[in-house]
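Please model the complete structure; the sequences and the hints are all you need to start from.
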Amino acid sequence: MSSVGAATAALEFMHVSCCFPDRAKRGQSYAAVRQASLTVGDGEFVALVGPTGCGKSTLLNVAAGLLAPTEGEIRAFGSALAGINRDAGYLFQPDSLFPWRSALENVAAGLEFRGARRSDAHERAQGWLARVGLEAHAAKYPHELSGGMRKRVALAQIWILQPRLLLMDEPFSALDVQTRQLMENELLSLWADNRASVLFVTHDLEEAIALADRVVVLAAGPESHPIAEFTVDLPRPRDVAEIGLQPRFIDLHRQVWQTLKTEVLSVYARERI
Amino acid sequence: MRESGSSIGARAQPKRAMWPWHLLLLSAVLGAWYALTRSGLLPSFFFGEPLVVAQRIAGWFITGKIFPHLGVTLLETVLAFAIGTALGLAVGLWLALSPFASRLLNPYITAINSMPRVILAPIFAVWFGLGIASKVMLGVTLVFFIVFFSVYNGVREVSPVVLSNARMLGAGRRQLLRHVYLPSATAWVFSSLHASVGMAFVGAIVGEYLGSSRGVGYLILQAEGVFDIDTVLAGIAVLTACALILDRVVSIAERRLLRWRPGSSAEHY
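Respectively, the protein sequence lines represent chains A and B. For the first sequence, the residue numbers in the working numbering are 1 to 273. For the second sequence, the residue numbers in the working numbering are 274 to 542.
Calculated directly from the structure, the hints in this document are not laboratory data. Predicted model, so just to flag it, every value in this text is computed and none were measured. Do not take every clue at face value.
What the hints assert, rightly or not - Computed from the model, here is a short list of chain B residues facing chain A with C-beta under 7 Å:
{"#": "1", "residue": "Val434"}
{"#": "2", "residue": "Met441"}
{"#": "3", "residue": "Gly443"}
{"#": "4", "residue": "Trp533"}
Stated by the list, open to error - From the structure, some residues in chain A lie toward chain B, with a derived Cβ separation under 8 Å:
{"#": "5", "residue": "Phe92"}
{"#": "6", "residue": "Pro94"}
{"#": "7", "residue": "Gly110"}
Unchecked claim - Negatives, chain A to chain B, calculated, CB over 12 Å:
{"#": "8", "residue": "Gly43"}
{"#": "9", "residue": "Leu134"}
{"#": "10", "residue": "Asp204"}
{"#": "11", "residue": "Arg238"}
{"#": "12", "residue": "Ala241"}
Think of the CB as a built atom: it goes at the ideal place given N, C-alpha and C, for glycine as much as any other residue.
Right, dumping it as structure tokens:
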């Protein structure tokens, strides 16, 4: 798969390091990510897994352009990234909707920010709300929607801009298992239509294998970096609720877990001290 | 905030209307006042008499004598409220978004805020004369800080995720201000509006009381000069009624504009 993205990779991390001032020790800094190199090919779905606190979100923020790396370079579709990555849509882990905008206005927000006329934006937003099954809830405010509905609004809010790259930070981790599987299937069907490149961060290995073309394992932080990657050769379209029963899925799960386990245990051991 | 007082058990039952009880308490207090002053247990020279007070109020409204005074007082209040809120919102947004200005002005703001600002009234009277300008200015200084601090803190508590999301969706600096900071700050302004309407009123009355030729505060001052306690109480009653009406208007505006806020639809009592 990696050969596909060689020329026009959606995202290339080249020896990226991110240092933050250490809160415990004044004047010192610690590196959340050290010398991380990673490529997301055009149209490729990459899942990033790793133990908690391994800098997964840091890498996403670098890819989004919200955070500039301390060292190294980040390239998006061939050109060096400076400032916000305009090709990227970012689905956050916590609620990110504007609480003072209705579902419809939330979905229309991106178009309005980018200069579309309000009426046009609302018209298109209505269509996208329908695609995520919420046309009846257009006038509701986020606090009047359930957690799953809010995530669907957030998906529509991003998808309406047709981003070439999707960044997702454990977007479904706060949902219950059934809603979560529905959302994962929803994501896969949306993705099947436009085949954007995806960088999907999760700590859930099953979610990673079920969704992705490739699973990248990050080392335990600090100074985290990718240590292994696995190509997921399961056929598409996939049904997240059933894929877990396939022998190949179980086989892959065992392989990735072998690597991940070492990292998880090392975090666990450190926290026990 | 308001509902937090009532326990969950109490809310499960259907609420009975409280207004008959409110009315009963009011009549009891008025009745006791009437009985005590009538019987001579309380000297009516110092405590007034409820019937005379009521007559005084009725007389004001029938002859129309009160309206120019009330109009001036309300005009001062509304102007002080509007100008103070607008200034507080603007300066609050500016300082919250500009760390240097914020750090530069921080000690001065703290100092001015801790100063008892009612004492500025005589100075304003000297600067702006005995007309409405000096009262409005006093009200503005009182309202400004209430709104300013809630906006300032509100902006700094804007969810970083919502902010990042807006930036990822393509919002520039101006759009962040208009679509994220401003709506977020508005919610905080509204939480302070009840307090600031009251303060605007205090500014107007205190200003009138210290020197004026019109307004309800002036009426009260005149009556006090001749120990006419009934008129003083009548003035106070009219002012209280006005304050209640203003507070009600703010509540209605709040419920309309903050429909998006969790719990706002249930917020009335």
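Does A/Phe92 meet its interface restraint, that is, does its C-beta lie within less than 8 Å of any C-beta in chain B?
-> holds, 5 Å
So, B/Trp533 near chain A? Judge it on the closest CB pair being under 7 Å.
-> Status holds, d = 4 Å.
Would the stated hint for A/Pro94 survive a check requiring a Cβ distance to chain B of less than 8 Å?
-> With Cβ-Cβ at 5 Å, under 8 Å, it holds.
With 7 Å as the cut and Cβ atoms as the points, is B/Gly443 at the interface with chain A?
-> holds, 4 Å
Per the stated criterion, does the least C-beta distance between A/Ala241 and chain B lie above 12 Å, as a non-interface residue requires?
-> Fine: 29 Å to the nearest Cβ keeps A/Ala241 off the interface.
Should the label of A/Asp204 as a non-interface residue stand, given a Cβ cut-off of 12 Å to chain B?
-> Label holds. Min Cβ-Cβ 21 Å, cutoff 12 Å.
Taking the least C-beta to C-beta distance, is B/Met441 closer than 7 Å to chain A?
-> For B/Met441, the interface hint holds, since the closest Cβ of chain A sits about 4 Å away, which is under 7 Å.
Closest CB-CB distance from A/Arg238 to chain B, is it above 12 Å?
-> A/Arg238 is indeed farther than 12 Å from all Cβ atoms of chain B, at 27 Å.
Measuring from the C-beta of A/Gly110 to each C-beta in chain B, is the shortest one below 8 Å?
-> holds, 4 Å
Per the CB criterion, is B/Val434 less than 7 Å away from chain A?
-> holds, 5 Å
Nearest-CB test (12 Å) between chain B and A/Leu134 = holds, 17 Å
Verify that the Cβ of A/Gly43 lies farther than 12 Å from every Cβ atom of chain B, and report whether the claim holds or is violated.
-> holds, 21 Å
Every hint, counting from the list given before, is met by this structure.
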